[in-house]
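> Listed below, chain by chain, are the residues.
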Amino acid sequence: MTNGGPIIRVQALRKVFRVGDVDVEALRGVDLSVNKGDFVAIVGPSGSGKSTLFHILGGLTAPTSGSVSIDGTDLATLSENGRTRVRGSKVGFVFQKYNLLPTLSARDNIAIALDIAGKATEPDASFQDVLRFLGIEHRLDHKPRAMSGGEQQRVAIARAIVNQPAILLADEPTGNLDTASSDAVLALLRDLNQRMGQTILMITHNPEAAAYANRTVKMRDGRIVS
Amino acid sequence: MVNQLVAENLKHRPVRTLLSIVAIGIEVVLILTLVGLSRGMIDEAQRRARGVGADIWVRPPGTSVLSLSGASMPEKMIAYFASQPHVVVATGSIVQSAGTGLDNVQGIQIEHFEKMSGGFRYLEGGPFAGSEDLIVDERYASQNKLKVGSRWKVINREWRVGGIVEPGKLTRLFLPMNLVQDLTGNTGKISQIFIKLDDSKNTAEVVAAFKANPQLAGYGIFSIDEYTSLWSIDNLPAIKPFIFIVIFIAVTVGFIVVFLSMYTAVLERTREIGVLKSLGAQPGYILGILLREAGVLGLLGAVLGVIFSFGTRMLVARFAGAMLVQHIVPDWWPYTTALAVGGAMLGTLYPAWKAVRQDTLEALSYD
Ligand SMILES: Nc1ncnc2c1ncn2[C@@H]1O[C@H](COP(=O)(O)OP(=O)(O)OP(=O)(O)O)[C@@H](O)[C@H]1O
Ligand SMILES: [Mg+2]
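Just so you know, the sequences run in chain order A and B. According to my numbering, the first sequence is numbered sequentially starting from 1. According to my numbering, the second sequence is numbered sequentially starting from 1.
No lab work stands behind these hints: they were computed from the structure. Here the structure is a predicted model, which means the values were calculated and not measured. The beta carbon of each residue, even a glycine, is placed where N, CA and C say it ideally should be. Any given hint could turn out to be false.
From the structure, some residues in chain A lie toward chain B, with a derived Cβ separation under 7 Å [unchecked claim]:
#1 ASP23
#2 GLU25
#3 GLY88
#4 THR103
#5 MET147
Okay, chain B solo, but in the shape it has when bound:
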């Protein structure tokens, strides 16, 4: 019976109801997009790291895994690692900011890199042909409308797109290692080393041997599993607080919208609430009606937010596919639903309290 009243009340003011639901939907999609983005970016980084095909990653001393730029390892170390037991291939890369956005360009030794990773799959063009060739992945190409032969500026120089490859290996922009080293004044230096073993089962043993070597003290030596596990939300500085701040803002906005919506609803239904009380309705009964209304708003808003998050994923893929990856995060749906419903109910408490407190006789004579 109360459900009937709740449904009728919501239908009675369709625009107000719709706007409240949309506002809650926006609250929810904000959270889902942000969480989906951070998770998508992390997954993408892990996927690309695995795409290199290395069993072991070596990073120079004093660098964080996640801040890749800079080159402080001598290139000679590649040869050292290549000569160690179980090592089949060792190669390295120099990481350089591409100068725009979040992209970075990596200078690679292409033959070794292809050997390790199983080779690029060229959708267009081929490997570096001249000293001005750039390889980009398909997402980067489509985002920037690049074709083989296009000119493109990276590290303050114009390059020719020589090959477009399937995404998923290390990064989206590749140049020959020696060119990047020379252009950035890092001749003979690299940012990281990748090592492939005869058998992945030997990884732990080899990592232990490297770590036991006093000359490698301070170097970050990671199995690929360790390395990818470092890509987590806990290791991304400021992401967690940022997510919390956005959640807080989103919930606050949802709260305010429902507060106003229910406040006006209670005001315009003053007389009806008086009628319910004249029929013997206790405060709990009236509170129940209003909370259920808010709960329905919250629930529908939460569902709408989930639907919206598919939309934001589409937009992200369409307009920022090379830079950003957004995942759909179903494990967060219960949380956002709880936040939406909880926020809506919280926003209803004060209006409901006013409704319950108002004098029945005054309410009955209210027009």
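Okay, chain A solo, but in the shape it has when bound:
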């Protein structure tokens, strides 16, 4: 684990997409430190590079230049398979579209994350507490299509934290939810952060959602502006 230093350390991070003959600069030199136990809201206009930053933090894509270290591991030097390994053990993703596997029950959607990490697929007692805490205990045998958006997103959160990742990255987790479900999911993330010390980064367009976090980072044109 960390030795008191930041759990995420990003320096001079640049990401350029080549689209045909045109270079699109999605990130133009991002510096960011996040400490263990932080709950950071990332806000900014569409196209400002928020998702791109998350994808690099989660090792889904490689930076063009700069350095990224997660929980002491430098991602920039890793191969794709290496980044995949780091993602499996240190990063949990929550997407706007839930991204549950449609053919598996909620329970199996969570268990498969354990299986991928090479762990026994029977969640332990402390995890049962988390399920109770997420309020999805009674829905575990349902397939995603039989669940509401809010329930699906809670299963997605359970799946993201089942391997006790160093960081939880949530990209507009309430973007598809009505206000009530949205509030429930946000309250849940806050509780995860406050009660379990889970480090969370959350992208949102909604200032009310950002208010759940204890720190807000603003992005614009591929840079952090405050």
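Based on the hints, put chain B with the ligands in the right spot on chain A.
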């Protein structure tokens, strides 16, 4: 856990899964039927050869054991063999194509033949009664709907069915030897000689004596064991290459079906594969899921193919029982299973490679 996913994936597209399994089943049954047929035919030929009851078979020089037609031995040789030590009965037959399919008709000396073989068991009718009588075995009769008294054309002439006998002796169609000889312009000539000894234990000694006789040089002189062992797949020209070609075609078809099936499966699951990767799944994990799926298809297809082979055996017995005999060949089940599973996995490699190679982010935004 992966097994769960594999099972759900297969259940998710039941028609596609079923069709893939059926296609592999057809691949397998093709092979099992062909192997079963060649083995059944060989066994049947051996059984009928043993049914003659001879200890020694003599074939004229320059003929292959398996191409029976033609008559190039003088009939007088029967008497020569009959006079040799240890010989109890010697008789012969003239083999003639019956004019249709694989059947052949054999002209026999019925008293000698019955003495040697222990006698026909007549299910209907009896031995040749007139100069136009034909004896057929029960399979041939039922296949061609013949009864005693039916008219039936063989060697360009119409005969009367005089007797219907239990199968298992030499062939399925019998006529008196002299009639076949005269009708085919082979008067005084025969195709083969059967010899029965006082005691089968003397076979080796007698065969050795015949072989030592310079006047019999070039004749094929076989103990019944030698003779039947010549009926093997290695001696049937073109059967082996034919089997290999069919196996190749069958495996290719299975491969293509699984390839297409898994290819569409991977395409429609692009996003799910992206999700697995976002959860940290390595290429090996995804490959494992897809290969297991293919393995299940192959395995179920192999089982279905075995079940189908009982069906083809039934059809063969029902519609071609006189001509063809198909055996069930359990010793081939492991091979066909290996071919089915191996072919299915091979067909999955390229789709799986595509799945593993696709960009995770693109996959996640795929609808
Ligand atoms: N795969 C890609 N290929 C080309 N350009 C891309 C790609 N992904 C992102 N971009 C570009 O990079 C820039 C940043 O995109 P990004 O998705 O990070 O923005 P965002 O802040 O998440 O926006 P939103 O709030 O709409 O989700 C945009 O101009 C986008 O068009
Ligand atoms: Mg975005």
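> Each hint should be assessed against the structure and marked as holding or not.
These are the hints, each one checked on the structure:
Here the hint on ASP23 (chain A) is broken, as its CB sits about 18 Å from the closest CB of chain B, past 7 Å. About 17 Å separates the beta-carbon of GLU25 (chain A) from the nearest beta-carbon of chain B, more than 7 Å, and the hint is not met. Interface hint at GLY88 (chain A): satisfied, since its Cβ lies 2 Å from the closest Cβ of chain B, which is below the 7 Å cut-off. At its closest, the beta carbon of THR103 (chain A) sits 4 Å from a beta carbon of chain B; the interface hint therefore holds under the 7 Å criterion.
With its C-beta approaching chain B no nearer than about 16 Å, MET147 (chain A) sits outside the 7 Å limit, and its interface hint is violated.
Figure legend: structure checked against the earlier numbered hints; hints not met, in rising order: 1, 2 and 5.
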